[in-house]
Each structure stands twice: as C-alpha cells, then as structure tokens.
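As a plain string of letters, each chain reads:
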Amino acid sequence: MYGSQALREAAEWVLARSPADETEVVLLGTDSQLTRFANNEIHQNVAERNVEVRIRTVLDKRVGVAAANALHPEALERALQQALDLTRQQPPIPDWPGLPSPEGEPSTVRGFSEETAATTPEDRARQVARVCRPAEEAGVIASGALETATQELAVANSHGVFRYYPATYADFVTVVMSDTGSGYAAGAHRDFSALDVEQLGQEAITKALRSRNPVDIEPGVYDVVLEEYAMSDILWFIGSLGFGARPFVEGQSFVSGRLGERVLGENITLVDDGLDEHALPLPFDFEGVPRQRLTLVERGVAKSVVWDTYWAAKVEGQKSTGHALPAPNPWGPLPLHMHLEAGTTPKAELVRQVERGLWVTRFHYTRTVHPLRVIVTGMTRDGTFLIENGEIVGPVKNLRFTQSYVESLNQVVALSAERRLLRGYAGATLVPAAVIRGFTFTSRTTF
Amino acid sequence: MNDLALRALDTARTLGATYADVRIVHRTTQFIRTRNGAPEAIEADESEGFGVRVVVDGAWGFASSHRLTPEEVDEVVGLAVRIAKASALVHKRPVRLGPPVTSRGTYQTPVERDPFTVPLEEKVALLLQADEEMRRVKGITIATANMVCIREHKVFANSEGALTEQTIYEVGGGIEATAIAEGEVQRRSYPNAFARHQVTGGYEHVLAWDLPGHAAAIAEEAVELLSAPVCPTGTFDVIIGPTQLALQVHESCGHPIELDRVFGTEAAYAGTSFLTPDKLYTFRYGSEAVNIVADATVPLGLGTFGWDDEGVPAQRVDIVKEGLFVGYLTSRETAQQLHELNPQAPPTSNGTMRADGWNRIPLIRMTNINLLPGEWDFEDLLADTENGLYLEMNRSWSIDDKRLNFQFGVEVCREIKGGKLGQLYKNANYTGITPQFWNSCDAVCNERYWNVWGTPNCGKGQPSQLAHVGHGAAPARFRKVQVFGTPAGR
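Sequences listed follow chains A and B, in order.
Per the working numbering, the very first residue in the first sequence carries number 1; after that it's consecutive.
Per the working numbering, the very first residue in the second sequence carries number 1001; after that it's consecutive.
If we strip away everything but chain A, and leave its shape as in the complex, we get (with noise of 0.2 Å):
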C-alpha cells in the first residue's frame, strides 16, 4: 500500500506545479492477486501492483487528461505536460461547469480489513482445496476465482479537495459441471474471514448434481423464481440504463420526464447506497464528492437519478450527487452499488408462488435490445429447473429470453427475505431472489 501521505504527497506535487486554471489529481493504488481454479485444480495463480495517476487540466474550458502508472517525479511531470499539452490544443467545453469545491466531508465508513490484505497465496489456495476436494469426490468438475484486493482511492483538485479511502475486497465465484449440468455461486466480503467459499463450493456442487440429465422445453411465457445471481443482472441494466444521468437528460432512460411517476411496481423500493459498510462502500466519487445514498425508487415511483458535477450543471437547481466515474467516460455518471429492498417471504418458500414455472440461477452474455423499454437478451446458465404445482421437478435445457426489465420488475410478486452480496463494477449490489409473472424466452439451446 501506499497510503495517504504518499499519495497526497504526488497529489500536492503535481497541484503545486500546474499552471492550469483547475487542475485534478486522481490516484488509485492496486495490490490484488487472484487464484483460477479449473478441472479441480489451480491452474493460473495471478498478483499485481499497480497505481494509475490520473491528471485533468482546464485552461479556458478547455480540458484535457493524461494518466501514468507511477508516483515518482518525473513520471508525474510527464503525465501533468501531457495534461497541459492535450488541454492547450483543444477547442473548449462550452458548458464546462467547473471542478467540484469541497463542500461536505464524505461519511466515515469501513472498508478496509486488515486481514484480507495479509491474505497470502496459500491462504487462498487452502479456500480453494476446500471447493475442489469436495468437487472431486462428488464426481463433478469445479473452476472458478478467488480474489483478494486492496485499492486505494485518493482524490485532490486545485479547489482545495483531498479525499482519500483504503479499501479490501475478497471476491468468489465458482462454476461446477457435471456431465451434463452445472451449478454456480458466487460471493463477495471485505474480510476475506467473512467470506465462506467452502459453503459456497457446497452450494454450485449440490446444483450441478441436481440439474444432471436436463429436458427439453419448449421457449414461450414462463413465470420465473430468480435468484439473487439473475436479480443482479436485472439491476445492473436498470440502474445503468434508467438511473443515471446522461440518458436520463437526453430522453434515452425510461424514466425520462417520469419522475414522481410510477414505473415499477409497488413492492419495488431501490437505493443506490454507497455508504453501507456491509456492502463494499466508496464514501465518495472519482470528482472526490461525497457519495449520497439516494433513493432511485420508492414503491415503484421513480425518485432521482445519480449525478456528476458536469450532467448537474445542465438541470437548474441541481447539483453532483457523488457518483461521478472516472473522467473521461461515455457514460456519464452511474449508480454503482444498488440495493433492492428485501421482501418477506423467506427464499426456500418462493417456488410455492409459482404454478408451472422455471427457476433461473443465473443470466449469460445479456446484451440491451431496446434501451428505453430496457428490452435485454441473454441466456439461463449453471442450473435451470421446470416448477409445477409450487416444487421443483427436475432441470430443464437452457433457454434464450428477449424480456423489457421494466416489465419484470412490474411483475414481481415476491420477494425474498433474504439478500446476497454480489460485486460489480467499482461497486456492489445487495440483491433478493424473486418470483416475476410472465418472463419472456425466445428460443432454446442444445444442453
């Protein structure tokens, strides 16, 4: 680690030498490695430090970014010219609206464990013993990853802000296969302690033996329990299709012009929340503003959408909400650890809402058809199974569905109690299963 002396030490180096009219230093500092397991055994063992220094500088609007991978001096001098050199030789941003003052202080929130980054290779080959050995003896074939990490965020800007965030992160995934099905799980934690692979191990390793030898089915209308996994999916595109910013202003979100609207059922209350300790937290933004947790949706009427400093200056009254990424980016800003209010109905007990159904495990490959209705495609993986009459009665082949998001989450009639902690991009989601009415598959695979 570097920590936060050095790091705002590079920061006030390059502050202190640029002759620009705003000028933003972003840090972030790597110490990650990962253990791949396949066929029952580790075959790639990976470890990497890294840090990315990224520069902006305005001159009369006009901006320009240059990032390096190291901290000494004359690293930092050539990022901070090219910088200069890129902004100098550029038209301007017309609406450029500035860089963020430091108005706030950003929550105090823990993410960092000790113990996660002591985390040795052995440590997290024993984890992996503890998936394959079982794998092994039942007869099936598991692959997957452990990772560790430490990330360290640091962020100044010539307005006087410095933020700084130490963070950890253990992360599993894993996929076992027998001959002819599979099963999944898949987990996060900041302590690497808290994190129970061997359970999760168990969990892929009883789903691959019980969606062995699946049927045909034939694609149409289903009703679907979904588990946490494809509930993770459903979240991501609607959060980064509707909620943030850039397409909400330009009429390409759904919930364009909608808010104080009803949009998604009344049983669906969605927050993105940055500051929960439980949940991989970043109390601030890649612009350095403190992260707000801000209610996108409650009871299925649309609240708010997420901002960044640039997309809050075109709305009158607006301001950043702290979710900025990286600069430049074609995304705008983006709701990065959403969180799905939990329902009642304890999960086991979510098969009995559905008369003839499917229950899913997991989304594959899914790609957006249709942004505004939020019309995305995909497959079922690692465990499908046919429901009647409230049970499950055995696996069926993998389906393709063409289904709008929006709808299904119109459409939920439970959810469960219980919810899973699942990392995604710079973030996390906290996720329930569900049991949705009427979901969409298009087509059929082979296996």
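Be aware that a few hints might be false.
[Stated by the list, open to error] Across the chosen pairs, the derived CB separations fall in these ranges:
hint, chain 1, residue 1, chain 2, residue 2, range
1, A, 391, B, 1098, 48 to 56 Å
2, A, 391, B, 1316, 52 to 60 Å
3, B, 1002, A, 117, 29 to 37 Å
In case anyone wonders, no lab produced these hints; they're calculated from the structure.
Where is the CB? At the ideal position from N, CA and C, for every residue including glycine.
With chain A's structure known, arrange chain B on it following the hints.
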C-alpha cells in the same frame, strides 16, 4: 530493459523455476471523442510494467509490478515463485510445454504515418468535421466521433533462450449518429458497429475511412429508421453484411475454437465450447462455401504481430476447410494436451497466446479469424436472391456459453425483393444455432468486398482482459434464418 528481463529469468532459475518468461511492456494510448460539436474526451494514457510467469513444482505462478527496478524485479519474481508453489498445493498434472521456444528478433507494424506525430488539432478537426456533417441532418439528437491511437512496445524473454522485441501500432475510430423520438432510439454507425473500426497500421488508414464523407448518409438513415416499419418476423433468406458477419465469425467460430475453453479452463467465466476434441477433423461445421483461417500475418489485422506472448511466431492455420472443422487456436500447453488425445493434431502451439498488458498472463486469444472470400459479386448475389433481407452493422449480440444459440440485433435491415434492395426496416434481430447456421451458407462474396474488420473489445479471463482481434469477412448469404423485429415504443 533487456537487463531487467534477464535478471528476472536468472532469479527465477535460482529460486527453482523449471521455466520462466518475462514481458516488459510500455503501452501509450491517445483517445479523442467529440460529441455534438465539442470535444468530450481528450486523453493520453501511459502504462508500463513487467510480468513474470514461472513454473515451479509443475505449477504456474505469475506476478507483476509497475515498478521497473532491479529490487522490484527480485521481489516480484520471488512472489511469482511463492504463488506457483501455492498452486502446486491444488494441482494434479505437471505443466508440459513441449519443444522449447527460442525465437529471436524484432518486429514493427508497418506505418506510413506514425499516428503520434499527427498534431492533435488535426485529429480533433477531422472528428468535428464529421460531427458537423451529421448534425446538419434534421432530426439528429446526438452526433459522436472518436479516434484512438495505440503504440505498444514489448520485450519478451524466456528461460529457453527466446528474446523478442515488438512495437505494435494501432489506429481506430468511427462516427455514430443518434436520432431519438418518443419511445425510440435509433443509431447508425460507420465504419463499424459502435463507431469503432480499428487496424494495426498508421494514421493513413484513418484518413482512408473518410469519416466526414460518410457522416450525412448515416445520419439520414438514423432519422429514416425512426419512422421505418419494424422488421417482419419469420424465416428468411438473408445476406449478412461484412461488419456483422465479422462479429458472427468472432462469436460463433472464434471463441469455440479456443482450446483453453474446450479444455474447461475458462468455464467459470466465458464458458466452454461445443467443438469438443472428438469433432476435430470429422465435424461438418459449415457448408462447403465456408473456409475459415486464423491468420496472424494478414496486413492491418488487429491480431497481427511478430510473435505471440509465449514467443511463438505468428502464423496462418486452417480452422474450417470447405466446411470441415480442422483446427483450434492453441498454446504450448494445450497443444501438448490435444496431441495426446489426437496424435494427428500438431504438438506445437500455433501462436495465439496474448496478454492484455504487462499485468496479465497470456491466454489463448483470437488472432485474425477470417472467413475467406468466395466467388460472388455482391450485385450478382443480390440479383440471385428473389425474396430476403439484408442485415448489417451490429447493435446487440449474445450467445450461449458453449457458443451454439446466438442472437444478434442489427442497425440496418433492408428488404431484398426481385434481386434488389428495397424497404428499410428497424429493430431487426436474427437468431440460430451455430452449425445449422453455417451449414445454411451458400454464397460468400469475393475479395472485392472483403475486408479485415477490427474488434477491439474481446473480453476473457479472470481478472478480465480485453483483446484486440481481427476478422476478415465479405457479405454472405444464409438460407432460412429466423428473423424478428423488436416492437417500437416505450
């Protein structure tokens, strides 16, 4: 730099490695994007570091760092060795790499005009000119244009005596016009989907694409799409345009021939493959019109280089010959495993191991997976198609984890009636099963219509890696394909 590489190899040997390789990589990237008449992103990135891969106790370890100092090299090699020993705790079969690789030499992408010597103002002006042309068209809400220039300098050395040095240049770019009306967003891109074509080469190729010269046409088509009827649903003969067919090759041929997927080592992320080893030399992948090669030597391809990241020379190999499946993409280790299963398969790698930078291990990646040209002129192929649809330019793509069931959405769908292009439709999708689809191919256009298209965003691996790969393709016809339109409206 070579001293650091040799130091890493010496240290690895001293610490007990039976094999070691090291890559020192310096990548420079310049990215420019404009949006509605103003620059949106002007960025220059540099990333430099080294990665060391070792075999100890028969298992792999890898460690990497951005600090290029002798002390850090020693520490990182020590970490790689420790990691390999930890791998050996849960490892069954010792790594076997086959014959040693001792390549030596240098390689540089041929460039007429180094893209990093072109003034930034010139690049921005070119993009803004195209942007303006798009926005002249009434009904265009968003106009974007982008350009990327990449230079990667890489030194590779291994403990068997290989030492290579390469400098790869890439240029990329494109434009996109977006029209938005109530309930509908329509986009048109040029020269490739998502406004990004990319090649290995110099700035001369960016100029050859003539982005401003194509801006008005795509903008007009984006606006026309808003009021176009939704694509009809049914079974149609289709002619698939070159950029969409390039992605079809990528997803339904390029990925399932990766031998690491076949052997299950990507199962937890990208998935496996329906092209199991028993199908090699026996499986009819496509019709006799289908000939596919993996060619890391073709000019301009994003998968064109001197040596792969195991030091194996770039080469061209057959993958599908007159419809028969005859080859995989291999590494040193997987070629050995395949040869054990089928002695007809070569025991040596065909040079496809590539890493996304200094901090990632090499994986089997596509080079340039090319559908070879056939004999048809495009006009003759159209004239030979009485009723059908022309589908081009991807806007949505998805395929299952064995690479069988696929579904693609396209920007452009035009009716073919009486051998001529007609009505424009919107929101077209087509779906199928890979071998059935390729066996329905009865015509591929000739070299006049053939181009190597760049795919700079191929994801694979944990931690994730993005590869830059190429696909040669020309328009081709497929019989009785399932097509459907997505309804319009919010």
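Consistency of the hints with the structure:
1. A:391 with B:1098: 48 to 56 Å: holds, 52 Å
2. A:391 with B:1316: 52 to 60 Å: holds, 56 Å
3. B:1002 with A:117: 29 to 37 Å: holds, 34 Å
Checked against the numbered hints listed earlier, the structure breaks none of them; every hint is satisfied.
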